[in-house]
Every structure is written in structure tokens, then in C-alpha cells.
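Mind docking chain B on chain A? Use the hints.
Here is what each chain is made of, one letter per residue.
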Amino acid sequence: DTEVTQTPKHLVMGMTNKKSLKCEQHMGHRAMYWYKQKAKKPPELMFVYSYEKLSINESVPSRFSPECPNSSLLNLHLHALQPEDSALYLCASSPWGEVQETQYFGPGTRLLVL
Amino acid sequence: AQKVTQAQTEISVVEKEDVTLDCVYETRDTTYYLFWYKQPPSGELVFLIRRNSFDEQNEISGRYSWNFQKSTSSFNFTITASQVVDSAVYFCALINAGGTSYGKLTFGQGTILTVHP
Numbered sequence: 198d199t200e201v202t203q204t205p206k207h208l209v210m211g212m213t214n215k216k217s218l219k220c221e222q223h224m225g226h227r228a229m230y231w232y233k234q235k236a237k238k239p240p241e242l243m244f245v246y247s248y249e250k251l252s253i254n255e256s257v258p259s260r261f262s263p264e265c266p267n268s269s270l271l272n273l274h275l276h277a278l279q280p281e282d283s284a285l286y287l288c289a290s291s292p293w294g295e296v297q298e299t300q301y302f303g304p305g306t307r308l309l310v311l
Numbered sequence: 622a623q624k625v626t627q628a629q630t631e632i633s634v635v636e637k638e639d640v641t642l643d644c645v646y647e648t649r650d651t652t653y654y655l656f657w658y659k660q661p662p663s664g665e666l667v668f669l670i671r672r673n674s675f676d677e678q679n680e681i682s683g684r685y686s687w688n689f690q691k692s693t694s695s696f697n698f699t700i701t702a703s704q705v706v707d708s709a710v711y712f713c714a715l716i717n718a719g720g721t722s723y724g725k726l727t728f729g730q731g732t733i734l735t736v737h738p
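Top to bottom, those sequences are chains A and B.
If you read the first sequence in the working numbering, its first letter stands for residue 198, the second for the next number, and so on.
If you read the second sequence in the working numbering, its first letter stands for residue 622, the second for the next number, and so on.
Keep in mind that the hints are not guaranteed to be accurate.
Straight-line alpha carbon distances no greater than 20 Å define the calculated SDA-like cross-link-like pairs of lysine to any residue that follow [what the hints assert, rightly or not]:
| # | chain 1 | residue 1 | chain 2 | residue 2 |
| --- | --- | --- | --- | --- |
| 1 | B | K725 | A | S252 |
| 2 | A | K250 | A | E298 |
| 3 | A | K206 | A | K250 |
| 4 | A | K235 | A | L309 |
| 5 | A | K238 | B | F668 |
| 6 | A | K238 | B | P661 |
Think of the hints as simulated: they come from the structure by calculation, not from any bench.
Okay, chain A solo, but in the shape it has when bound (with noise of 0.2 Å):
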């Protein structure tokens, strides 16, 4: 059973909405992940957060803005968004934020954008 948690499962929204997606661990995990997955594609890393600090931005577009309010949760804030930011949202975590620790993904979250 997962025990990351990501809300909402799916989500509709207008390019000129402003939303959000929320994840939550509940596994005392210090580090958590954001990616992407497009379509039959692999899964993409856009943010890093390791002890509530950003440690890794993938060059992602600033329509995209995480948050790490504490250790156990995750926030990525959406704004603006184009139709091809229609992904399936998954976040992550692990327990130190070390490279060689399993990631531990949640359900994710089915975007559409139109």
C-alpha cells in the first residue's frame, strides 16, 4: 500500500485558472520529488525539495510553482497553464534525499488542460 497520498486524482482546468496539487507522505521521508508523465512516455523530474529546501529545479516553466510547507508535504501551485501541460502529475519521496534511496511514488494526479 502506498503511503503517498496526492490530491485531486484528476483535475480540469482553464488556462486561466489558478490551482493546485497537493501530496503527502506519511513516511517521515525528509526529501520529495515532482514529475511529469506525458502519455506513453517516462516520467520526467521537474522539482526536488530535500529538508524543505528546493534542491533541484529542472528548468521548469514558472507557470509551474512548488512548495514544501514541511516535511511531509508537497505542494505544486499551477497558473496559467498551456494544453500541453496535460500530464499525469506524480509526486515522490524518500528518506534522506540521498541518490542512492528508493523513490516512492504516489498515484499521481491526471491533469487536462484546455
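Chain B in isolation, oriented as in the chain A frame:
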């Protein structure tokens, strides 16, 4: 730079058949970690195994087994006596211990496995 290649885009088998999913990787690092994940239609990536570059021991877990060969840069995954519930997309992934790719999982393109009853 690192790269993971899963040459089999789609595999279709009948239940109870054995199936092997291939994974070939490229990296310049001597220390790295390899993973397999399963992604069922629900979307969640389910962790299956992690192997570090210094441990070439093969592993078996129930119907699953993995063959890691550094000489051929391969990390293949075999499902014995496949079941319909094994139908999913399977991803092989690599992470280097250092360099500019630090902390970033590199995934293969995935193999879609369909097991027919």
C-alpha cells in the same frame, strides 16, 4: 551523460508463460543504482527492486527475478509463470552517484506488458 534503453516497446504473452524484459544502460560513473518500477493502469509507479553497481548478485523474489550483468551493462527482469495482474508498463531506471545528474532518475522508455488469459 546516462541513458537507459528498453528496446521492447510492447510484449504480449499468454498467462503462465515466462517473459523477460530487457534493460541496457549507459553511464560513465562507476557508482550507480539501477531500479525497476511497475506502472499499472491506475498510474502509480510501484517499486520492484534496487541494485547498486557493486552488487552483481542476481535476485529472485517469488515469480520475479533479475539478472544484472555489468559486462554487458544489462539489468534484465524475468517474470515466471506470468499472470493477468502482471499487465502493466515496466520501467527500468538509473541514477548516478555523482556528476551533474546527481539525484535525478533516468528512466527507460518503458515496456508495455500485456498478459492474456
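Check each numbered hint from earlier against the structure, then list the numbers of those it violates in ascending order. Per hint list: single violation, 3.
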